[in-house]
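Here are the chains, one letter per residue:
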Amino acid sequence: MNTTLLTSAGFSSTQPVGLLWYLTAAAILFALGLTACMARRNAIGILIGLELILNAAILNFMAFWRFGQSATNDTSMAGPMMGIFIIVLAACEAAVALAILLNLYFNFGSVEVDKANRMRL
Amino acid sequence: MDHTMLKCGLAIFALPLVSFVVLGLFNKRLPRRGDFIATSVMGLALGLSLYVFWRAWSDPRPVFVNLSFAWLPMEVNKAVLGGILIDRLTAVMLVVVTLVSFLVHLFSTKYMEGDVRYGRYFAGLLLFTVSMLGLVLANNLLYLYMFWELVGLTSYILIGHWFEKKSASDAAIKAFITTRLGDVGMFIGIMVCYLQVGSLQYGDLFAAVEQGGLSGAWRTIAGLGLFFGAMGKSAQFPLHVWLPDAMEGPTPVSALIHAATMVAAGVYLTGRLLPVFDPPTLLFIAYIGGFTALFAATIALVQDDIKKVLAYSTVSQLGYMILALGVGGYVSGLFHLTTHAFFKAGLFLGAGAVIHAMHHEQSMSKYGGLRRKMPITTVCYLLATLALAGFPGFSGFWSKDAILADVLAFAMLNGHWFLVVAGFSTVFLTAFYMFRQFFLTFTGKPRDHHAYDHAHESPLPMLIPLIVLGTLAVVGGGMGGWFGAMNPAKSGVEQVRGLREAGFTTPLMDSVVQQSHDAETPHAASSEAHGDPLGDAHAGEHSPEAEARHKAHYMAMGLSTCLALAGILLGAAFYLQRKDGKTLLDPGRVAQRCSLAHRILWNKYYLDEAYMACFVMTTRALAVISATFDRLIIDGIVNLAGWCGWAWSYLTEIFDRIVVDGWFVNGSAQTTAYMGRQVNQSQTGYVRQYLMLTVLGLLIISSVCAYAFYGYWQP
Amino acid sequence: MNTDTAIQTVAIWQGPNIAFWMITLLVLGSGAVAALSRSIVVAAFSLFFTLLGMAGYYVLLGSSFLAVTQVIIYVGGILVLLMFGILLTARPMQRDPKDTHWLYLLAGTLSAALFVVLAHLIWTVPWRAGPIQNPPVGDVRPIGHALLTTYLLPFEVAGMTLLLCLVGAAYLVRRRER
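Protein chains in written order, with the numbering used here: chain B, 11 to 131; chain D, 35 to 749; chain A, 9 to 186.
This is chain B alone, in the form it adopts within the complex:
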């Protein structure tokens, strides 16, 4: 690996933790969330996975905001702003998702997604 690259990216044994680690953590979280989405039988389990993915995204934004600022761009609050909006939207989405889930529960008698397989040929 290119040491200048890593140095500029914030990797050093004496320096605090840099960008790449945060990105890696976000990537792992994202992978975990994706697994949950794909493999969970329960609809709420899928929603949990979805929350994990969203959180990984916020983390990504925050990491890039923190380590991507330039001197002149001091007061841009892009990171937190994105985070706020994502949280808001996550809330909306969770509400609607629960509404759909309840409908699913009333129609099929169970929350397992395998049961909702009528849309097939």
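Fair warning: there could be bad hints in the mix.
In silico negatives: residues of chain B with every beta carbon more than 10 Å from chain A [what the hints assert, rightly or not]:
(1) A49
(2) R76
(3) N113
(4) M129
If you want the footprint, here are the derived chain B segments under chain A, 3+ residues with CB under 8 Å [unchecked claim]:
(5) 35-43
(6) 91-105
Hint data in this document are derived by calculation from the structure and do not stem from the laboratory.
Values in this document were obtained by computation on a predicted structure and should not be read as measured data.
By construction, the Cβ of each residue, glycine as well, lies at the ideal position given by its N, Cα and C atoms.
Since the structure of chain B is provided, determine the placement of chains D and A on it from the hints.
Frame of chain B; chains D and A shown alone:
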């Protein structure tokens, strides 16, 4: 060219033709089916013919009209020629044909009264008359042949008038086929003539004979071929078998066709073309004629049917005419033709009157004593019979005597005494069987009383022809002198010259006449060179032929008179009944004694049976073989072709069903459905599966994007 | 203010490795449990811890406001909502007989593949990163300011969206006359 005669000749031909067309089309709608039209038209034609004859009598030229025209134009300067010829012979024939035809028409109006096909009958008579007139008016072999065939056809139609009777239709077919056989030979003869001469005009033929264009083997073949046709039509042995059977037709038809005219066509042909025949052919002709005369007379001795006797008598007399022509007696042969026409027609019509009176009973064994019931008929019949038998003074005597004189003269010069024997013995036989017939029919006690009671004299339309013909049988002999004067145009060169002067000529004819002018040889030599045994009448009075004829004349006259009287007396002895009903000699005992001979004669020498076995059976067998071949093999092939079509369509149907429908049509549909079902399985409805697939897709796309642009990210 | 800033700065920079690794452990551990456990209740509870850990991350990255917002809304709102959902639709736990293991395995493989791609990208792409700056101390004011100036439109839209979602969710679960 005598234009008046030409116009008359054309009118004589055209009038019956028009009348035929009218009758043929409209006879059902005309009153009395138009018989008065036919009869009056024939009367008109007769008048014109008599006028032509009168003009011919006073005209010294040998040929009056010879007109040829391009009948069928072919190439630029070539055409098939047709033409009309009127000379003395033609004038005589015209009178004979129209007179007999008119009398037959008149007779038929009463005889055929109430017949189911009355109009068609008269149309047939008219068509026949037209054909016969065309035949005698022709000036070339093509027209002759054409009308020859027409005559045969109309004879067929008229013989088979009552075609519901199987015997009648069989007889008609027999007549047609037998004469047709003769016509094949005639056609060969015509073809040889055309091949050698290049033309079918009489003038060209005679000129070619003179010049040598038609000579040697070709001339013999042509002559024999043409004579073969004459044999067929004039019923000479062995083609005579149709004439007795032709008696199935109505009796007036027999009178017209089979006594006076059609059978005379053969004699006319032979006489017309006499210069064409070479000596071997003429000898052959003479022998055929003599043999036929004797042969037929023997058969006539034992016949029971009145018409059959007359039929065989006709054959025999025709043999006489042919014999006369064969020995070179142009005059005598044609003279006898004329007299025979009259008295034979009279005999047939008389027989018709008898048959009519006896309610269509034709067997003489049922007749007897009819003279009391039908006196006029008896008298006319007697006159005609005496003429036929050759009783001195009657017309038949003069003509038969002329023939016998010629035959005797020929034999004196050239041998061949068989002809003399045949000729004279036939005189005896003829007298015998004719008087046998007369006595059986008109004298003695009636044998069938029932029919006898109903017998009556004939009505007037039937009597008039009988009276006319009876009279002619007596006085017709006076024409002999005129016939003698007809002789001049006999030699070939004379004929050609006469034809040229009458109007039409060809280069060949011109060259011949030119040659004869240059040659300056006497007639006797030229006619000698061309083999006419008796030579020309203009030949010198002291030529050997003239001498022979002079001597023979009186000898023949005496001998024939004796033989005729002998025959009459013998006939009276056998068949004339005395007051007590018995005859002097008993025919029955004679028949018993000579039963074998009687049987052979009765069965006409078994000739019909022989023909049946030889020819008819063979033809039938051939027909059966051909039919079987056709049915099995030809039809088999046709059926096979049809079956192939079916088999092919069967295979095609299978192919269509399995391959086209099964594989392509159904197969494509099934394949699509199968693939659809397979693809269908991806639509599981499982959300998780969908998500996994989505992630997989994302993975692929992101990998592609990342690594395809990898180089871009490097600094 | 200065001491506040200094404390905060020291807090951030002095113990970041340890803090980072501890929070990472918390987050990833509870995240794994949330993703992979069989019981949905256990998954919800571990999600709680994951979300708390995320708040810690935000603090480390310099935005305490976001951390608090996360705790209040995410944990206190969304998670509670999820809990409600679980409780409302609770059924006797069924151990799915058929396809548990291999499905997790398959999903895990796919995710791992995606992670590998991402990791590779992260570690090899030359990110345009500036020098490390001190984060602003006390970020409420700038956030508020930005909300009403730079991010005014998203702010309003977010409000609308919330309204819509409320109405929509309420509509979706209305009582139907059967």
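So which of the earlier hints does this model not fit?
1, 2 and 3
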